[in-house]
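Here's the letter readout for the chains.
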Amino acid sequence: MTVTTLTPGTALREAGGFLRFFLRELKPKGKLLTPFNLISVPIMLLGVVLLVIRFAGGLGTITNLSQDYPWGLWIGFDVITGVAFAGGAYVVTFMVYVLRQEKYHPIVRITVLNGLLAYVFYAGALLLDLGRPWNVVNPIIGNSFGVSSVMFLVAWHFLLYMLAEFVEFSPTVAEWVGRRRAARVLGSLTLGATIFGITLSTLHQSGLGALFLMAKSKIHPLWYSEFIPILFLVSSVFAGLSMVILEGTISRKVFGTRMSPVHHTSHRGIVLGLSRVCAGTMFVYLFLKALVFIHGQQVPLLATPLGLWFLVEVVGFVLAPCVLFALAVRRESLALGRVAAVMTLVGIVLNRLNVSIVAFRWYDPVRYIPSWGEVVVTLTVIFAEIWVLRWVVERMPVLSEAPGWVSVVRTPVPATGHAELLKEA
Amino acid sequence: MPQPVQADPFVTKGLEYLLVVGFLPSLVLFWRWLRGPAQVLARAAAGPARVRLGQWFHVQPGAYYHPGHSWALPGEGDLVRIGMDDFAQKLIGRPSRIELPRVGDRVVQGEGGWRVRADSKTIDLLSPVDGVVVARNDAVLDSPDLVNQDPYGNGWLLEVRASRMKPNLRTLLYGDVARAWMDTTLEALRLRMSDELGLAMQDGGVPVSGIARALSPDLWDEIAADFLLSRGAAGHAAGGRDDTRDASA
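As you go down the protein sequences, you meet chains A and B in turn. Just so you know, we're using our numbering here: the first sequence kicks off at 1 and counts up by one. Just so you know, we're using our numbering here: the second sequence kicks off at 1001 and counts up by one.
For reference, chain A alone in the conformation it holds in the complex (with noise of 0.2 Å):
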């Protein structure tokens, strides 16, 4: 065995390729002139222009934010929403590492990553929504922890979070530069950074839900319950795994060359299963809103145009997709659990814009409404978040099988072959 010391120059040496390689990575791969280029690039373009007009001039300058009305549609859509979405990522690793189920194992890497770029694009955009960004760093450092606010175990649980999840990413990155010892380790943590990541998902799903707490008589009575941290908590599961089927769906057309061929069969499985926990998670989340609905003695309520709303939130956007989710399981149709999918995807939008915009200030004769430069930053995180993805996706294993070197724990293939059927038979 030979054993290699690092010298300042072999890590001076190591520093330039490395350096090489990453500037070789950075050049685009593939086409660049795409419908979706073609679309997302002038509309970040603006978005960054927009964004330097926020940061020189403040807040009023292309927002319709107001005293009254401090959050809009950054916050209720940008973090309250992108983060339910990126719930997957916890959901999937407790079934395949605490629960075990193996058959879900080949979407670990693209889910985890989902959900770290959702964490850093979506929760991230809270800076552009604070009046003074450079202040975010107080709960951390102790600047004034402020530990009687929720928004201290928020910002602590969001950190704490990308951390456990960027831990939980690293092995893909070391395979990705070939660094074996790197890999091994880092491996080894995924256990570990998993189980932190799940209790902290739990923790801040449901604690985003509880800033509204304070909100109570602001936020119209049939979207504010006592209840909400645990119904955000609840809808996180769903709205994570419909994201996942979603983001599957697209991944397979669009990267579909790129993707290991376990993955492509285990598709139709990992569909079926996700839209069951769907399904499952759905019934239980209508219940406690049911709960919820008759506790609150709101059935005078639903005559109103906001009853009406709600009533096109619950049963058009929650129950409809449940069903269609159950139905989806029982025919073994994908195409089913993709509709459910969308469809759980805009109730959530709904909900949490119902939550944090629309119900909130309810009564008020002027209410906000998002200027266009809101709705253009938005979509530029987003897209950004997508350029990254793709970036990420095309490059490292994240869907592709890693690399020969690895020495990973062999994970079930389903039914690929006859030897296995004629073992089993």
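Bear in mind the hints are in silico, worked out from the structure with no lab data behind them. You can take every hint at face value.
Footprint (simulated), chain B over chain A, 3 or more residues, beta carbon under 8 Å: (1) 282-290; (2) 293-304; (3) 325-336.
The calculated lysine-lysine pairs, modelled on DSBU-like cross-linking and capped at a C-alpha distance of 30 Å, are: (4) A:Lys253 <-> B:Lys1121; (5) A:Lys253 <-> A:Lys29; (6) A:Lys27 <-> B:Lys1121; (7) B:Lys1121 <-> A:Lys31; (8) A:Lys218 <-> B:Lys1013; (9) B:Lys1121 <-> A:Lys29; (10) A:Lys253 <-> A:Lys31; (11) A:Lys253 <-> A:Lys27; (12) A:Lys216 <-> B:Lys1013; (13) A:Lys253 <-> A:Lys103.
Just so we're clear, the structure is a prediction, and the values are computed from it rather than from any experiment. Note that beta-carbon positions come from the ideal geometry of N, C-alpha and C, so glycine has one too.
Starting from the known structure of chain A, fit chain B onto it as the hints suggest.
Structure of chain B alone, referenced to chain A:
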């Protein structure tokens, strides 16, 4: 700002208890229903006109089958005619070219015997027996789709003088065992099928030609290689590659 109405929280308690009590058994029933056998399978099992699964892929009586979906039909003496079975041809679809070994080349049971090209990809198929090639079907070189039209007849590929006929045949699948194996094959295929194939099988329809391509347009050759057990198999007897004729030309 409207002041929240302080409703009596005990008014609805009875209803809430009933809801909770009703929810628990309904959740159990709902979950059991979700985990039950899928309707498509239940219908297929209960239907009066249930089609035997193996009937989707024709099994030729008298032929011996290699698990890599090649067949061997013993002829006079130690001569054996070999080809690819109905499942293999439906899995791959219409080939653009078939590469056969030359007369005099040796083939080995379980190793690459010939190659099929389709859609610019190459699939190796395994030889069912050991032996020396004594004849090959030149008609297939000119019209590769003969293997689709008549895989056990005019679509035969090679005639081989078997060097270990008896031990070779003992390891192959025959008769009821072959039919049961074909059933298992179809079940394995069904597990892999996604909705891209749609009505082809789940409603009892006959599988389409080029099933692997329908399953995955980009990686179909790897799926086919999985089913044909030829992943990593070298084209052992593809020495006759030079004198093959491309049907698409």
